[in-house]
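Q: Below, each chain spelled out in residue letters.
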Amino acid sequence: MTRHLIGAAALGVATLLATAAQAQEIKIGIMAVLSGPQAVLGGQVRDGFNLGVKHAGGRLGGLQTSVVVQDDELKPDVAVSKAKQLVERDKVDFVVGPIFSNILMAIVKPITEANVFLISPNAGASPLAGKGCSPFFFATSYQNDQPPEVLGKYAQDKGFKKAFLLAPNYQAGKDMIGGFKKHFRGEIADEVYTPLGQLDFSAELAKIAAAKPDAFFVFMPGGMGVNLVKQYRQAGLDTIPFLSVFTVDESTLPAQQDAAVGFYSGMTWAPNTDTPQNKKFVADFEKEYGYVPGSYAMQAYDAAQLIDSAVKAVGGKLSDKDALRAAIKKADFKSVRGSFKFNSNGFPVQDFYLVKVAKRPDGKFQTEIVQKVFEGAADSYAAECGLK
Amino acid sequence: MSTSLIVVQLFNGLQLGILLFLVAAGLTLVFGVMDFINLAHGVQYMLGAYLAVMFYGLTGSFFAAVALALPASMLFGLLLEVLVFRHLYERDHLEQVLATFGVILFLNQAVKIVWGAAPLNMPIPNILSGSVPLMDGLRYPIYRFAIIAAGLSVAAALYLFVNATRVGMLVRAGATNAPMVSALGVDIKRLFMIVFGCGAMLAGFAGAIVAPILSVEPGMGDQILILAFVVIVIGGIGSIRGAFVAAVLVGVIDTLGRSFMTDTLRLFLAPGTARAIGPALASMTIYVLMAVVLAVRPAGLFPAKGRA
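In order, the protein sequence lines correspond to chains C and V. The letter at position 13 of the first sequence is residue 13 when you use the numbering used here, and the numbering goes up by one with no holes. Here the numbering used here = 1-based position in the second sequence + 388.
Just so you know, the hints here were simulated from the structure itself, not pulled from any lab data. Predicted model only: the values in this text are computed from it and were never measured. Certain hints may be false.
Stated by the list, open to error - DSS-like cross-link-like pairs, simulated, lysine-lysine; straight-line CA separation at most 27 Å:
1) C:364 / V:500
2) C:162 / C:131
3) C:372 / C:162
4) C:356 / C:372
5) C:359 / V:577
6) C:312 / C:91
7) C:279 / C:341
8) C:356 / C:182
9) V:500 / C:75
10) C:364 / C:212
11) V:500 / C:287
12) C:54 / C:372
With the hints as constraints, model all of the structure from the sequences given.
A: Below you can see the structure in the form of structure tokens.
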């Protein structure tokens with residue numbers, strides 16, 4: 001009898017505490033790579049999200065906000081155990097992350113099956129856009145196929161006859177090349193895959209020169225991209241248009257500098273996107289963190305705005321998951337990139353631009369919008385997703 | 389597959405080989421003379437690059453930056469020697485590997501804290517910024533010729549140092565039988581310090597001069613370390629001559645593999661299959677070479693005397 005009483009009392013207290021906590025506080029877990037060579041990308045997500053929280057006055061949706069940051073170390077096994085920690089120990093209401101698609105595929109189940117919302121500020125793996133879509137998963141970025149499609153479409157519209165394609169020899173490299181070829185109907189002079197982490201590209205550059213293409217399309221992320229861009233410019237190949245994805249962006253430009261000026265990429269946004277929200281975002285970001293934000297930071301900032309808008313819409317009632325989901329799906333916030341809404345699969349419908357690297361008057365480097373390539377584009381997997 | 393392209397690719401291979409030699413020279417010296425496996429050689433290379441970038445920021449001159457990075461790398465190497473490595477010479481190789489691997493983790497993280505995770509930039513000095521046409525549509529940067537020249541001079545200087553000086557004689561003797569050298573009254577500890585300092589400086593030099601063509605970032609040494617080990621194993625541990633020959637061999641074979649493997653396979657395979665298999669085979673070639681060399685000559689192509 002006594003034991004029952006104590007048990008009931010404890011349960012009552014626990015319920016009380018839980019309700020109190022729900023009424024006052026929202027907890028967000030950030031999962032991004034913060035060590036190793038790719039740490040700079042995770043840093044952008046963390047900084048972008050924190051700026052979003054700051055702009056909301058430290059209170060997303062009017063609730064006291066606490067942010068727990070976890071480093072996934074770019075290792076799926078580490079990421080899974082840290083995702084479980086976030087969900088089970090920290091009891092977060094949202095997880096924002098990760099950068100890489102292989103990590104996303106590892107953590108999506110442990111998080112969404114615990115009925116916690118997962119908002120990806122970058123990774124957009126195709127299975128999650130199609131058959132594997134989840135009512136608890138949203139992306140503020142894009143589906144992975146879309147950026148290379150921008151370049152393929154541009155190359156096709158521009159009338160380039162012959163293209164030379166280069167990517168590292170792993171799944172993402174093949175996906176990017178596939179994305180480019182979707183809209184490009186011209187001749188493929190060659191399609192070359194290099195080992196991950198290759199340092200010197202002399203052999204590939206000589207092949208490009210010998211093939212004499214009208215355009216060069218490349219996916220070479222991180223330090224490999226820095227090496228390639230410098231060596232491409234030094235080899236005097238810069239008369240061939242340089243079309244790329246994730247090769248010249250704000251995370252690598254500080255190292256590529258003048259060597260990358262005039263090179264093209266495809267994105268939904270650039271630091272010079274002309275919206276009032278973006279001007280404020282970029283100016284405050286640079287003031288706060290001392291570097292030019294890239295798309296990673298932008299998408300994390302939008303994730304913060306998204307959570308803010310949804311929590312406000314449900315009046316801070318985080319326990320009503322259905323209402324919260326409906327509010328998230330509305331995407332009732334002003335994205336810094338301009339037009340933004342969610343498709344049925346939780347991926348955005350948005351515009352894509354050709355962007356080009358430029359040197360700013362203050363000596364820093366950034367990508368800038370050249371032209372719109374896709375308007376209101378949805379990914380091609382949404383039809384396979386059963387959600388409404 | 390024109391003749392000029394093959395010639396250009398051979399040249400590219402030579403160039404990559406000399407780059408590898410610059411890193412491998414210090415490693416083979418330390419490994420050969422001191423029988424010490426220094427996995428941290430790669431981070432010393434990284435540190436050389438970072439120091440050069442830092443000194444470039446302070447002085448604004450590329451040459452001053454490299455000149456300052458050399459003694460700084462050496463000092464840092466000696467500091468590591470006194471603090472960590474000295475206590476490991478008597479231990480077995482596994483413990484050396486573990487300890488120097490720890491140094492890698494520590495220094496990669498330290499570099500990130502000091503200089504940030506983002507890659508840094510080091511421009512090519514103006515005097516070396518031109519380029520010459522190598523084939524139609526392809527120019528070859530003069531800076532790359534400078535790297536080749538630097539690599540060849542290091543090779544020559546090391547050859548003279550090891551073969552024609554008194555210290556060099558002791559180094560060779562140390563590589564053959566260190567306890568005997570010690571018994572003859574030579575201060576082996578000091579000899580080891582000199583060798584280690586030189587190794588650290590060579591690694592730093594390699595890092596500093598590749599900074600303008602490669603990305604300077606945390607972990608940049610880890611990639612090249614593996615290749616450097618392949619080079620010294622093929623060349624024969626402790627042999628400068630072996631390291632040089634092996635580095636050029638690895639550079640040429642790797643470059644030719646990457647350039648022509650897929651095209652060659654296409655002659656008798658479907659294009660899609662060739663494209664899938666080619667890159668995988670190409671990245672294996674140097675390891676196959678290593679396996680063959682180890683099978684035929686287990687001590688490498690040019691084993692140091694007394695180590696065969």
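Q: Each hint: holds or not?
A: Hints versus structure:
no., hint, in the structure
1, C:364 / V:500, "holds (21 Å)"
2, C:162 / C:131, "violated (35 Å)"
3, C:372 / C:162, "holds (23 Å)"
4, C:356 / C:372, "holds (12 Å)"
5, C:359 / V:577, "violated (53 Å)"
6, C:312 / C:91, "holds (20 Å)"
7, C:279 / C:341, "holds (21 Å)"
8, C:356 / C:182, "holds (22 Å)"
9, V:500 / C:75, "holds (19 Å)"
10, C:364 / C:212, "violated (32 Å)"
11, V:500 / C:287, "holds (22 Å)"
12, C:54 / C:372, "violated (31 Å)"
In this structure, the hints that do not hold are numbers 2, 5, 10 and 12, in rising order.
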